[in-house]
Structure formats: structure tokens, C-alpha cells
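Trainee: Sequence:
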Amino acid sequence: MNRSLKIALSSIAWAAIAAYLVWAGGLGERKRAAVSVHEMRISVRDSAEIGIIRPADVRRWINAAGLDPVGKHIDSIDLMAITQTVGSHDFVRTAKTSVGLDGVLTVTMDQRRPVVRIMTDNGYDFYYTADGYIVPAGRHSAHYVPVVTGHFGLPFANGFSGQLGAGMEETEKNVK
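Each residue of the sequence shown is one higher than the one before, counting from 14 in the working numbering.
Be aware that one or more of the hints could be misleading.
Once the Cα atoms are required to be at most 20 Å apart in a straight line, the calculated SDA-like pairs of lysine to any residue come out as [said to hold, decoys possible]: (1) LYS109 to LYS19; (2) LYS44 to VAL117; (3) LYS44 to SER111; (4) LYS19 to ALA31; (5) LYS109 to ARG67; (6) LYS109 to LEU92; (7) LYS85 to PHE104; (8) LYS109 to LYS44; (9) LYS109 to ALA31.
Treat the hints as calculated values from the structure; they're not laboratory data.
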């Protein structure tokens, strides 16, 4: 085969590949333009071990924030707002949100693992987690961990929530 024929065949092959990529990209855009969210799947990865957060809780948080995605076009959904809403809760360690062309919005998260509950005489009741996070205990919270009670001083303000090291430096900032 001579050199000019190889160049011509190679040019035709590359042009066909480029045309296919343009066509496939347009097909994906047309598909995306027609898709609405019909389902929200919530996955709490470590729920069998920890069991603090339930998918129903996450749905309630999203709905309370006015971010319910079901029935909305996928381009109109604010994934960052949903992720921040879910991630703002104290027992959520990580949260990720995505939406696929199949119309399913997926929220995936990991929970903080409480290792001890501390109840002081002055009324502050909180959990200390495995990653060094202070989480105030709710009225209805009961997790099977050791409980420490008594009268002792804490290196952060009453009502603090956040990373323990940050609590010593910025106690006023995270008080709720």
C-alpha cells in the first residue's frame, strides 16, 4: 500500500471517529433534556453497624429544606444544596449526591460512630465519635455506648458541636 492511500484511510477513520463522538454527545444531550427524576435512592453505607440515620430521616431533611427532587427535571436539581443539607447534620460524616440519566437521584452517606456518651452535672449531654467529633445528644437519642457522668470541666462551651480540636480554638463559633 502506498503512503498516500494510508494517509487517506487514516484521515477517513479519524473523521468517522470524530463524527461519532459529536453524534453520541448530541444524543446524550437530547436524552438529558427529556429526563426527570422519578425516584430518590438513599444509601447509608454503614447502617448495619451503626444504625443512627435511617433513609426516612434523610428524605425528611431534604423535603424540609424544600429540595424534593422527585418530578423535577434533572438539570433543575441543585445537587450541591442537597449534599450540604444532608451533610449539615451532626451524625453524617460524608455525603455524596448524584443523578443518572435513568431518572434516579442517589444520596450516599457514611455516619459518625459514637464511642462514648458524656453527661455532665451542668446539663450538657453529648456523644464523642471515633473521628473526634462532638455531637450533642438529642432528646430521643440512645446509642449503646459507654456513658460517662459527673462533674468536670470541658475544654469547649456547653452546646458545642464539631471537631474537638476546633472546639478548643473556636468555642463560640459552633455553639448552637
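Trainee: Determine for every hint whether it applies to the structure shown.
Mentor: So, going through the hints one by one against the coordinates:
Proposed proximity of LYS109 and LYS19 is contradicted: the alpha carbons are some 49 Å apart, above 20 Å. The suggested pairing of LYS44 with VAL117 holds, with an alpha-carbon distance near 14 Å, which does not exceed 20 Å. A hinted pair counts as satisfied when its Cα atoms are at most 20 Å apart, and LYS44 with SER111 qualifies at roughly 17 Å. Pair hint LYS19 plus ALA31 holds up; C-alpha atoms about 18 Å apart against a cutoff of 20 Å.
Taking the CA atoms of LYS109 and ARG67, the gap is near 16 Å; set against the 20 Å cutoff, the hint holds. Of the pairs offered as hints, the one joining LYS109 and LEU92 holds, with about 9 Å between alpha carbons and a cut-off of 20 Å not exceeded. At most 20 Å may separate the alpha-carbon atoms for a hinted pair to count; LYS85 and PHE104 exceed this at roughly 29 Å. The hinted pair formed by LYS109 and LYS44 fails the criterion: a straight-line CA distance of about 24 Å is larger than 20 Å.
For the hint linking LYS109 to ALA31, the alpha-carbon distance of about 34 Å lies beyond 20 Å, and the restraint is violated.
Checked against the numbered hints given earlier, this structure breaks hints 1, 7, 8 and 9; the rest are met.
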